[in-house]
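S.K.: These are the residues of each chain, in order.
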Amino acid sequence: MSGGYGGADILRGCDISVDKGEIAVIVGPNGAGKSTAMKALLGMLHLREGTVTLDGKDITQMSPQDRVKEGMAMVPQTNNVFVSMTVQENLEMGAFLRRDDIYRTMDLVFELFPILKDKRNQPAGELSGGQRQQVAVGRALMTGPQVLLLDEPTAGVSPIVMDELFNRILEVKQTGIAILMVEQNARQALNIADTGYVLVTGENKFTDTGEALLADPEVRRAFLGG
Amino acid sequence: MLTYGSQLALGALGITLIYGILRFANFAHGDLMAFGTMVTVLMTWWLQSIDVGLAPLPTALLALPVAIAITIVMALLIDKSVFKFYRKKRSAPALFVIASIGVMFVLNGIVRFIIGPNDQRFSDGERFIIKARAFKQMTGLNEGLAIKVSQGLTISIAFLLVVALFWFLQRTRTGKAMRAYSDNEDLALLSGIDPERVVMVTWIITATLATIAGTLYGLDKSFKPFTYFQLLLPLFAAAIVGGIGNPLGAILGGYVVAFSEVSITYAYKKFLKYLVPENWEPDGLVQFLSTDYKFAVSFIILVLVLLIRPTGILRGRVI
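Protein chains in written order, with the numbering used here: chain H, 1 to 226; chain U, 1 to 319.
Just so you know, not all the hints are guaranteed correct.
[As the list claims (entries may be wrong)] Derived list of chain H stretches under chain U, where covered just means 3 residues or more per stretch with a C-beta under 8 angstroms from a C-beta of chain U:
hint : segment
1    : 62-73
2    : 85-97
[To be verified] To give an idea of the chain U side of the interface with chain H (calculated C-beta under 7 angstroms), a few residues:
hint : residue
3    : A99
4    : A180
5    : D183
Calculated from the structure, these hints are not laboratory results.
Each residue gets a CB set at the ideal place from its N, CA and C atoms; glycine is no exception.
Make a model of the complete structure from these sequences and hints.
M.R.: Printed below as a string of structure tokens:
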């Protein structure tokens, strides 16, 4: 993929992919184009070159909404819940496009995030940061996606909550969904990643399994703080 | 007071919905009400001329559904031809407001062109549910109590409409989608909610509320295009006092504005007569303010709320 906003390209021929039941993590310094890559995948950025494919289908020309229909779900970094609506309504809105029985998926979400079941009738705006993130991921899961894009899911939550969120994300992976996330907490994220991408100035600098990247001395020195 | 409050509440609901979903203050709302009422008036005259009525209820009720349909078409037409353009360009809210002022003048012109600027009466049927004299005979009290048909109608229709609206917003898929869109536009898009459909439904509801509010107001007083333009101030005061973007607030605000307006311009002479010794009876009407100043009341409320609690009584958006 290559592309950017207007003049200079922010993404310069970077290549990102994720398989079903796997977690891919994009890490890299600030301004490396991590979030931009995410936006490009969702169709919020016009690509000058390259293609986006989902399940073998070329979706490069599709609008974000159509991509949601095709099975892509995204959890934005901020403002990712409907604050004035209850937890359950948030989940219902995630399933807005679906005409089949959504309550099976909802039970699944409640199984993954039991706290949401207890708070189902509370406005999402009254929940704590970590709980909100769970609502946000739950809403995205309700679309019944094949690919789940997470933009810094642990931004602004405490370390304990962060560990818990990562555990939950591992559980989501077990349901056979492909997960792609951008993370600031590179070390923890690479720990759970099947594939890791280190992005620098819009290019793939390193691509390997999460484990291998964590072991790579150069990556450790440059991006993980020793 | 309750009647006027209900009329304001219905009107303010329309303003609040547009603000919540389309994110701008719709100055054309008063004239949309006037347009809807005008259609009702014309339909009523036609029905009266062919001797179709609902006696003892006013014929206007029969004309209302058609008027609502025509007003909805008008509102959607305005949206397609004016507001959609700015929506596509993602213009700033201020531009929408100015565009809505333009729409206001055009609608205003259309209404005056068709029906003229004068007072029109279109109420018929029974005038009172309880007449003052009948009440005196019934209860043996000295002072009468009269309840007009239009008052009874306003309160009951407003009540039904509000219940229906809240049921719609809280329970139906489309209603929830509207709330979601109002809450977080981007996330609504990510959930696959179609913004154009949400906007369309909003205009349909707004036009319905505007026509009904306008007609009820017209039945209660009389229909004069200019009065509807003047209603804009109390309507906005009501929406903002209650917390703009919050439907419950609009209703509360409607009553708050109506009660303050009436209690400040009410002539307390008779009231005092019963409280103070006979020879103390005041000469004047004992009003705090003459009714000519009633718009000042809305204005003062508006200023006070914006100064002290900009989010309104129930928390709405900060303007």
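S.K.: A separate judgement is required for each hint: does it hold in the structure or not?
M.R.: For each hint, the structure was consulted:
Beta-carbon proximity to chain U at under 8 angstroms applies to 5 residues in the segment 62-73 of chain H; the threshold of 3 is reached and the given coverage holds. Under the rule that three or more residues need a Cβ within less than 8 angstroms of chain U, the assignment of the segment 85-97 of chain H holds, with 7 such residues. Because the closest C-beta pair between U:A99 and chain H is about 26 angstroms apart, greater than 7 angstroms, the hint is violated. At its closest, the beta carbon of U:A180 sits 5 angstroms from a beta carbon of chain H; the interface hint therefore holds under the 7 angstroms criterion.
Of the supplied interface hints, the one on U:D183 holds, with its beta-carbon coming within about 4 angstroms of a beta-carbon of chain H, less than 7 angstroms.
When held up to the earlier numbered hints, the structure conflicts with hint 3 and nothing else.
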